[in-house]
Amino acid sequence: MKHPFYTEDHEAFRQQLRRFVEKEIAPNIDKWEAAEELPRELHRKAAEAGLLQIGFPEACGGAEVDPFYGIVVTEELARAGSGGLIASLMSHGIGTPPVAHVGNAEQKERFVRPVLAGEKIAALAITEPGGGSDVANIRTRAVRDGDHYVVNGSKTFITSGMRADFITTAVRTGGDGMGGVSLLVIEGNTPGLTRSPLHKMGWWCSDTATLYFDNCRVPVANRIGPENAGFMAIMMNFNNERLMLAAQAWAFAQVCYEESLAYARERQTFGKPLIRNQVIRHKLVDMRTRNEAVKANLDMAAWRIGQKQFPVAELSMLKNFATTSLEWVANEAMQIFGGAGYLRGAKVERIYRETKVLTIGGGSLEIMKDLAAKQMGY
Amino acid sequence: MKVLVSVKRVVDYNVRIQVKSDGSGVVTDGVKFSMNPFDEIAMEEAVRLREKGKVTEIVAVTIGGAKNEETLRSALAFGADRAIHIKEEGEVQPLTAAKAFAAVLKKEGAQLFLCGKQAIDDDANQTGQMVASLLDIAQATFASKVEVDGSKAQITREIDAGLETLEVDLPAVVSVDLRLNEPRYLKLPDIMKAKKKPIETIGLGDVGVAVEAGTKTVKVAPPPARAKGVMVKTVDELVSALKAKGLV
Ligand SMILES: Cc1cc2nc3c(=O)[nH]c(=O)nc-3n(C[C@H](O)[C@H](O)[C@H](O)COP(=O)(O)OP(=O)(O)OC[C@H]3O[C@@H](n4cnc5c(N)ncnc54)[C@H](O)[C@@H]3O)c2cc1C
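Line order of the protein sequences matches chains A and B. Residue numbers are given in the numbering used here: position 61 of the first sequence equals residue 61, and the series is strictly consecutive. Residue numbers are given in the numbering used here: position 138 of the second sequence equals residue 138, and the series is strictly consecutive.
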């Protein structure tokens, strides 16, 4: 039977990814989690395996394919049981699209091609210590001085922020509000840029940083798109980010379900496998029920994006549905595992710690609801 | 120089094989299949030889049912230029496959026939050797290194005493071992391009070969289940348990 969205090509690509994750990632992930950083080498290997290029234009070294490939990548990476891996290895998935879609040819060569080849690392810097939800009111200033901008301010919670070579940064070049925001690619070696690491509840192997800009001189040639027109590019970028965060939530919920099912079959209590208790079977069915619903929703949204629609309200609701569903499913998984799930090293333990970042990052639950309400004209 | 690579569709190496309850074979319904891992190594080697400028054309060949097309698509994604599908829905034993491959090799005028040293389904380890015998050409099996130079090839093989290097005249059959190379990851654009490459479908009759069944499978049985272990608490207990079993 033919699936409406997934083809043999998706399947063939999935097999390659699975081999990559088993060989290059699974044996090392605990080490990287402890080190709170991914090795640069991994980005090169991921480029060789062809997973960094997905969804980017061919003209700058990408593979232009439907959004279902992005879901497949997320699902396979999720099998390693670490959200930080996806966030940081794929941070170019939020940092690079504005350059690929709005940048000029020269910028694409400089800032996109080497990232897709795994030679450079990209990040997106929107959030500031003063607030993340209110994007239109960011305060980092860029003042024009000849053919440079002089940038002052700071950004925080920046994924891959310690290692990034190219930081796509939202700055204020004009007046107040959304009409005064521009995007600059600030290079990692820019004098005046300092970084400090943030230590987190989850996503350990993802290097999250606060960035300080002290009179950083950034060439005007690094501005993506026209001056003061950055807000729209940021908002467009959020669409795909939210789809991918929903995909991540679904993929980890499915890992929780599969881990729980296997454990319930194996674990013996009161002289019989755990799964022989109706209450446990019902938990598993409930977990699966939610996962199926999220996946159906996710696939429809991916299909619409593939049709070049941008269903902002639906994406906002999907992100909320998928991430809150993961919270619920991860909670049930922990309960099924009992004490074993509470131990460091269990996949469900890590996933449980990493549920909250998904309801906060990329647009928090409350902001997503507000956005959906506004879009639907309430 | 043209190289012919044979690829076989087998139950994926990750699958836990289950024997059918009537002992007639293993369960294949709903089971994942993929290219025989040794054949992936053969494909990789062919592509590397082309990258070194030693090979100009790579042709992949398989024998088997309609689903084998998937395996050929993987070979094309690896980098084969075109593929030949010898369609046969029934059981194919090594001699039949060897005769068919020999005929294709001859017709294509390929200088090198690369194949896995064995397929992980039947572990027969016969086809390559038979192809060489049927055509009366050189063979070098279990290659761990392949170097092609003009009309000759140098093949290093792992043997018990160390490494042995053979020089063969081309055309020749080379079967590849595990440590020859590490197959690349197939990239998505290559998977997609493979769709557009040609696959020629022929029948055994087209190469003048009839299905032969030299051997008959009488019964397939799973290996005996391991008996449950016993935990001993002390060395003394261990020694007496071993003595009781007559092992020491
Ligand atoms: C691990 C991690 C990685 C991240 N990576 C990046 C990155 O790479 N780049 C980047 O730019 N940002 C990144 N972020 C930042 C993330 O996008 C922000 O945390 C998020 O947008 C929320 O902003 P905030 O933390 O400042 O919360 P605030 O904006 O201070 O909000 C606090 C709480 O109040 C709620 N709230 C705020 N305003 C309203 C309102 N009007 N009505 C109702 N409720 C409201 C919010 O929903 C939230 O629950 C990351 C965050 C984390 C935790």
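Heads up, a few of these hints could be off.
Stated by the list, open to error - When the alpha-carbon atoms are kept at most 16 Å apart in a straight line, the in silico EDC-like pairs for lysine to aspartate or glutamate are as follows: (1) B:195 x A:9; (2) B:67 x A:8; (3) B:87 x B:69; (4) B:32 x A:8; (5) B:195 x B:70; (6) B:193 x A:64; (7) B:67 x B:89; (8) B:193 x A:9; (9) B:195 x A:11.
Stated by the list, open to error - Beta-carbon label-pair distances, calculated as ranges: (10) A:133 x B:222: 53 to 63 Å; (11) A:343 x B:29: 33 to 43 Å; (12) B:244 x A:281: 41 to 51 Å; (13) B:160 x A:11: 52 to 62 Å.
What the hints assert, rightly or not - Covered stretches of chain B, as calculated for chain A (at least 3 residues, CB under 8 Å): (14) 33–45; (15) 204–218.
What the hints contain is simulated information worked out from the structure, not anything from laboratory work. Here the structure is a predicted model, which is why all the values come from computation and not from measurement. Glycine residues also receive a C-beta, built at the ideal position from the N, C-alpha and C atoms.
Here is what the structure says about each hint:
The suggested pairing of residue 195 of chain B with residue 9 of chain A holds, with an alpha-carbon distance near 9 Å, which does not exceed 16 Å. Proximity of residue 67 of chain B to residue 8 of chain A is assessed by CA-CA distance (about 12 Å); at most 16 Å being required, the pair is judged to hold. Among the hinted pairs, residue 87 of chain B with residue 69 of chain B is consistent with the structure: their alpha-carbon atoms are about 9 Å apart, no more than 16 Å. Only pairs whose Cα atoms come within 16 Å are accepted, and residue 32 of chain B paired with residue 8 of chain A is accepted, the gap being roughly 13 Å.
For the suggested pair residue 195 of chain B and residue 70 of chain B, the alpha carbons sit about 10 Å apart, so the restraint of at most 16 Å is met. Our distance criterion of 16 Å between C-alpha atoms is met by residue 193 of chain B and residue 64 of chain A, whose separation comes to about 13 Å. Between residue 67 of chain B and residue 89 of chain B the alpha-carbon distance is near 9 Å, which keeps this suggested pair within the 16 Å criterion. Between the alpha carbons of residue 193 of chain B and residue 9 of chain A the distance comes to roughly 10 Å, so the proposed pair stays at or under 16 Å and holds.
Between the alpha carbons of residue 195 of chain B and residue 11 of chain A the distance comes to roughly 14 Å, so the proposed pair stays at or under 16 Å and holds. Between residue 133 of chain A and residue 222 of chain B the beta carbon distance is about 59 Å. The supplied range of 53 to 63 Å therefore holds. With their beta carbons about 38 Å apart, residue 343 of chain A and residue 29 of chain B fall inside the hinted range of 33 to 43 Å. Restraint check, residue 244 of chain B to residue 281 of chain A: a C-beta distance of roughly 44 Å satisfies the suggested window 41 to 51 Å.
For residue 160 of chain B and residue 11 of chain A, the hinted distance range of 52 to 62 Å is not satisfied, since their beta carbons lie about 41 Å from each other. Counting residues of the segment 33–45 of chain B whose beta carbon lies closer than 8 Å to any beta carbon of chain A gives 1, which falls short of the minimum of three for the stated coverage. Coverage of the segment 204–218 of chain B by chain A is violated. Counting CB-CB distances below 8 Å, 0 residues qualify, and the rule asks for three or more.
The earlier numbered hints that this structure contradicts are 13, 14 and 15.
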